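Peer 1: Listed below are the residues making up each chain.
There are 2 protein chains.
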Amino acid sequence: MRDRAPPQLPPGASSEAEKKAVKEWFENLRDQICEAFEELEDGLEGSMLPPGRFERKAWEREGGGGGVMSIMRGRVFEKVGVNISTVHGSFSPDFAAGVPGADQDASFWASGISLVAHMCSPRVPAVHMNTRHIVTTTRWFGGGTDLTPMIFNRKDAALFHAALKEICDEHDEDYYPRFRDWCDEYFYLPHRGESRGIGGIFYDYLNTSDWQSDFAFTQDVGRTFLEIYPQLVDAHMRERWSEDEREQQLIKRGRYVEFNLLHDRGTQFGLKTGGNVEAILMSMPPEAKWP
Amino acid sequence: MRDRAPPQLPPGASSEAEKKAVKEWFENLRDQICEAFEELEDGLEGSMLPPGRFERKAWEREGGGGGVMSIMRGRVFEKVGVNISTVHGSFSPDFAAGVPGADQDASFWASGISLVAHMCSPRVPAVHMNTRHIVTTTRWFGGGTDLTPMIFNRKDAALFHAALKEICDEHDEDYYPRFRDWCDEYFYLPHRGESRGIGGIFYDYLNTSDWQSDFAFTQDVGRTFLEIYPQLVDAHMRERWSEDEREQQLIKRGRYVEFNLLHDRGTQFGLKTGGNVEAILMSMPPEAKWP
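In order, the protein sequence lines correspond to chains A and B.
With positions in the first sequence counted from 1, the corresponding number in my numbering is that position plus 2.
With positions in the second sequence counted from 1, the corresponding number in my numbering is that position plus 2.
Calculated directly from the structure, the hints in this document are not laboratory data.
Just so it is clear, the structure is predicted and the values come from calculations on it, not from any experiment.
Hints may contain errors.
Note that identical chains are pooled: a pair holds if it fits in a single copy or bridges any two copies.
[Said to hold, decoys possible] Taking lysine to any residue pairs in the SDA-like style, the calculated list, with each CA pair at most 25 Å apart, reads:
| hint | residue 1 | residue 2 |
| --- | --- | --- |
| 1 | Lys-291 | Arg-242 |
| 2 | Lys-157 | Trp-243 |
| 3 | Lys-22 | Glu-47 |
| 4 | Lys-291 | Val-70 |
| 5 | Lys-59 | Glu-187 |
| 6 | Lys-291 | Arg-267 |
| 7 | Lys-291 | Thr-269 |
| 8 | Lys-291 | Asn-209 |
| 9 | Lys-291 | Cys-36 |
| 10 | Lys-157 | Lys-291 |
| 11 | Lys-25 | Pro-232 |
Construct the entire structure; sequences and hints are all you get.
Peer 2: Right, dumping it as structure tokens:
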């Protein structure tokens, strides 16, 4: 990924009130998403399975902070995990060298929400969404969302991108083209010569010197996800699918596994530095194939 | 892995006749293994599926050489791949720096056999076997075999290790304890705090200055695998298994995927340097779960 280091801010630039607001926003977004997803579970009539419900599990991080995993195994969502974490501490010297604002003072605070949904139906696209705020001696927002259809659907792809473009444009007309390209670049499997899905947006090191505005943009990304993704699910979750389509889905999920374990920097970093394995690997598909 | 660099040999130490003998041995071993595995397929009576047969597919390497994949999808072997490759060329400067005998002259020749078997029955252990010969300005043998039971079976583990110990001891009484420990160290998933299976042996940079003897050891590892693994398969392939056991197998295979993509240096190196993706990922299980 390109290195877009934000401008250096004075130490202590992030007030406790601002951190609290960020943390509460992520928790609030998680609650809204879980509610919307449970409503989709309720909305699937005629299934022999009961509607799924999220289960929550808190975890603590050695070194400071922790998080809450919310997992649902349902009849629309085969497996969906929403993880909230707010952690603080000090980066290892090796790692700190690569983090903006951490080379002199390695202490950090970070809060974020991370979501991956693997769907029962191959007609419903899988999705990933993550937004985060990181504070060192400087601070920035990052995140994004990308859609992984199992069966390509032009209309879904257009709706997803249009919703993201609309909200990006409200903040800065430069955002959508930059963040869309960044997403395409990041979610690419070089050894397969394949993109993970149909993209979306990805951004990092966002610091325009207007903290309120950057926070507002990050909130809008979450809100847009909450609006558009349930629409796509609802549009397809009642369609019948064939065994061939299910097989195609399981193979596509294998690519998702390859991306997560070979390329996803969050996963690799988390696993190699002793993060919470269950929370990190919540993104793995419930079932995958390499026939 | 520990770095056991072999002594520097004069350039040209490996004659064309020796390379030819190594390559032919690997091909011969492949033929014997495929035959033995097809016999096991024939030996499962009462299945509604036909006995599996290997299919071969040759591939070429840009830069020199190539290989042949043999894959079988059967009624005993859910998916087994045996890959033979003999390649030559010049290492990239970055990579050459870490390879014994390649820092001054980056040209190399390498030949090997690599096998991974994922079994239909959770009662039959999965297995990996690989042996290879690498020639730079020096040369060495490497390889090993390790067993991954889905359901732990003390007798199988004892038989597998006893067979390996016996053949190691015939060559050097130091080999078995060293190569067993090396295997345990290598096939360990730190983020899970779990071993991949019950181990076996793993060796690398084997160069005792007696090329014939090192080659003979490598051949004996192949022969021992060919003798012991089909016995273990035959002992269990007719047992009934439960859905719970199958589920346990699919979850254990997820760990296999994690090892291959996160830690296996062959896989990572191959994928990152543009190797033959199909041959490299032949080791992936046909189906895996992260429920």
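Peer 1: Please name the hints from earlier in the document that this structure breaks, with their numbers sorted from lowest to highest.
Peer 2: 3, 5, 8, 10
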